[in-house]
Each structure stands twice: as C-alpha cells, then as structure tokens.
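Enquirer: Taking our numbering, the leading residue of the sequence shown gets 29, the next gets one more, and so forth.
Because the hints were derived from the structure by calculation, they are not lab data.
Keep in mind the model is a prediction, meaning the values are calculated, not measured.
We put the beta carbon where it would ideally sit given N, CA and C, even for glycine.
Label pairs and their computed distance ranges (CB to CB):
id, residue 1, residue 2, range
1, Gly109, Asp53, 23 to 29 Å
2, Arg56, Ile99, 33 to 39 Å
3, Asp61, Ala96, 30 to 36 Å
4, Gly85, Asn39, 24 to 30 Å
5, Gly85, Ile58, 17 to 23 Å
6, Phe90, Thr52, 16 to 22 Å
7, Asn95, Tyr65, 34 to 40 Å
8, Gly57, Cys92, 25 to 31 Å
9, Asn39, Asn62, 39 to 45 Å
10, Glu105, Asn66, 16 to 22 Å
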Amino acid sequence: MQTIYLKAAGNYRVNAVASSPIATDFVRGIIRDNAGYNANIKAFTEFGRVGEPDDIGGVVAFLCTDNARWITAQRIEVSGGMGL
Numbered sequence: 029m030q031t032i033y034l035k036a037a038g039n040y041r042v043n044a045v046a047s048s049p050i051a052t053d054f055v056r057g058i059i060r061d062n063a064g065y066n067a068n069i070k071a072f073t074e075f076g077r078v079g080e081p082d083d084i085g086g087v088v089a090f091l092c093t094d095n096a097r098w099i100t101a102q103r104i105e106v107s108g109g110m111g112l
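Take the sequences, apply the hints, and build the full model.
Expert: Shown next as structure tokens:
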C-alpha cells in the first residue's frame, strides 16, 4: 500500500481491505454453499462463523467518508479474527 500511495500523484487516500472468506456468489458460491468448507472456516475465526458481505461493506463505506480522511496507505484486516 505504501508503494502505491507514494507513486500516486496528488492528494489521494490509498487503502486495502483484507478479508477472510466471505459467503457470496463469488466462484459459484463455493464458500457460501459448501458445508465442509464453511465448517473449516468457522473453526479458524474468533466469531465462529463465515463472513457476510455486510461485514466488509461497512468498512469499505467508512473508508470512503471524510471520517477516514486521515487514514491512508493502510491494509485493514476484516477477518473476524481468522488466524489469531
């Protein structure tokens, strides 16, 4: 993120949202529709569940507001504590 930020000309905010697997239609719903895969993911998150689109959407929406105007060149983990 820092490299992208430094190469950007102007007054830009450059951030990334890093998520755990999310239950969506992506890759034909493999995360959402596969019970075995879901059980494995649940075992590795602190909240014991697979992430939902709204779990990430709020963070992305926040980063687009003026409330996040002082946040730049950051990788923001939104993973439900996966891997702790």
